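J.: Read off the chains here:
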Amino acid sequence: MAEPRARLAELLRWLLLGLLGLMFLMPYIWMVSASLKPLDEIFRASLNLIPENGGTLSNYTKVLSEVPVAHYLWNGLIVCAGILFFQILFAVPAGYAIAKLNFPGRDWVFGAVMLGLLVPYHVPALPLYVGFSALGLLNTYTALILPSVISVFAIFLFRQFFKSLPDELIHAARLDGMGEMAIVWRVILPNALPAATAFAIFSVVAHWNDLFWPLIVVSGPTHATPALGVLYFRTEEAGDDFGALMAASVIMTTPLVLAFLLAQRRFVEGIATTGLKG
Amino acid sequence: MSETLTGPLRRQRRPVGEALAGIMLTLPAAISYFLLLLLPTLAAIMLAFTDYELGAPAIGWIGGENFVELLDDLGFRQSLRNTMVYTAIVVPFSIIGALALALMIEALTRGKALFRAVFFLPVVSLPVAMATAWQYLLHPTIGPLNALLREIGVNGPAWLTSSDTVLVSLAVIGIWEAIGFNLVLFLAGLTAIPRELRQAAEVDGVASAWERFRLITWPLLGPTTLFVVTITMIRAVRTFDSVAVLTQGGPNRASEVLLYTMYTEGFTYFRLGYSAAITLIFLLIVLALMLLQTRILDRRVHYG
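Which chain is which? The protein sequence lines are Y and B, in order.
The opening position of the first sequence corresponds to residue 1 in the numbering used here, with each subsequent residue numbered one higher.
The opening position of the second sequence corresponds to residue 1001 in the numbering used here, with each subsequent residue numbered one higher.
For the record, the hints were derived by calculation from the structure and aren't laboratory data.
Values in this document were obtained by computation on a predicted structure and should not be read as measured data.
Treat the hints with caution; some may be incorrect.
To be verified - Listed next, with one range per pair, are the computed distances between beta-carbon atoms:
{"hint": "1", "chain 1": "Y", "residue 1": "Gly220", "chain 2": "B", "residue 2": "Thr1294", "range": "39 to 45 Å"}
{"hint": "2", "chain 1": "B", "residue 1": "Gly1064", "chain 2": "Y", "residue 2": "Ala206", "range": "49 to 55 Å"}
{"hint": "3", "chain 1": "Y", "residue 1": "Leu49", "chain 2": "B", "residue 2": "Leu1226", "range": "37 to 43 Å"}
{"hint": "4", "chain 1": "Y", "residue 1": "Leu115", "chain 2": "B", "residue 2": "Pro1092", "range": "44 to 50 Å"}
{"hint": "5", "chain 1": "Y", "residue 1": "Leu49", "chain 2": "B", "residue 2": "Ile1062", "range": "40 to 46 Å"}
Said to hold, decoys possible - If you only want the chain B side, here are some residues facing chain Y, beta carbon under 10 Å, derived:
{"hint": "6", "residue": "Ala1044"}
{"hint": "7", "residue": "Pro1122"}
{"hint": "8", "residue": "Pro1127"}
{"hint": "9", "residue": "Ala1131"}
{"hint": "10", "residue": "Gly1143"}
{"hint": "11", "residue": "Ala1158"}
{"hint": "12", "residue": "Ser1162"}
{"hint": "13", "residue": "Leu1187"}
{"hint": "14", "residue": "Arg1198"}
{"hint": "15", "residue": "Ala1201"}
{"hint": "16", "residue": "Gly1205"}
{"hint": "17", "residue": "Ser1208"}
{"hint": "18", "residue": "Ala1209"}
{"hint": "19", "residue": "Phe1267"}
{"hint": "20", "residue": "Thr1279"}
Using N, Cα and C, we set each Cβ at its ideal position, and we do this for glycine too.
Given the sequences, and given the hints that come with them, work out the whole structure.
T.: Here it is as structure tokens:
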């Protein structure tokens, strides 16, 4: 008897979620739709999602000819990869040392990590800007990457994860004559891949999407990240040309969304584990 | 057990080798922490008590004058009030919405991953680009929303350019951005609750789904909910992107928020001391929210 009732409940949930999901996707749907319409059709403000006459790709060709899209995406890639590389390089050994080694000042270091977790990255931004400005480092990859190379959150996350790794693993490696450096990169990191992946996704999503810091240290397209690229296109060239604006938005949003669709489970788990601990 | 196994080994290596290794391994992190986090944070706090302006020849210690000026600064008070209103809208809607969605998705037999992905999409979408999409959607004349409203004979407002609606419109975008993130956290919390508990309750005669939620799911979800509330509040307080892209705090300061005011004072007018004072207030608000969370957590009964 419960079977048909359960099925009805499932059907109702599907309908409701489907309706809400469709509403949720409206910005995407209209963005793509407008990106395929010529300007005069957009200005007629019709409620047709499908463009008349099969649509046009002129908005995309306009964006691709006026905006150095590939260059912005490349900048985003360099910045995210650079940040992640140094975050891992600094945080994994530190996390390992705090979790598994006895050394003077360890509790003090861990205390500093916990203190650092309390400070949003906007707080040190002003003095960092003054410092970079004095060193002539504004408008460089260094300025975009350097402030984020230290992630106390990464140290904390790795420390928690490494604590649960068995000591025997490390002792066995030591018996094999491995030094501590080799242990960190050849024993600990391979065993910590779930934590490292989760953190990598968290870090890339955060820095790919960030606007605040790039807006402060970068002016002009040479070192602009995708977020800045869209902002420049809005203010300088497009104005009210919503078709081109939407095309630019589609192009810049696609890479990360595509990565997410290809590795959904990892993304969701990555954000959930890092979210719950941060 | 590991102690007995590794005791002799430990004695061999400790203390000098291990201590040295520990220090060497933490050194790169410690140096960058000091230079890139600790020092600039302390500098920002100091700066808040000075009249420093970029390019000014001298820097003067003025004590709490910046804060006195902030109290009298109508723009800042407006900004603080806007931030609170924005937070007060985004937090309940994005949390209750996410919880409701999580409960529905969790109960599905098929399609969990699909719906999770749909609602999660904004989290991985470039906020600047999506803000632009919202601008089109909410455009007073050519936007689809007002076109739809015209169909039913309603003259929609200028959502993002009228001071009456701008904050609410930004809050809607904020809710849209926050729901997916909160949903994923709630789903993780729900998976941690053993299914048998709810089934046992059903057997024990807790018949209605609402009662089962109230008696079992909600209390067990307590720590997750508390965490989601705190993190949503902090994220709402530090909202910046949509304001910077869509409204620049306007019209007439109606959408000025804390971080955007800090940004314009510091990086447009280069009044670094004044901007640092706003940063310090921002930091204190974030710290207060975190403290509140720990306080409540400490007082909680621990389940399980």
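J.: List in ascending order the numbers of the hints, as given earlier, that are violated by the structure.
T.: 2, 4, 5, 11, 12, 14, 15, 16, 17
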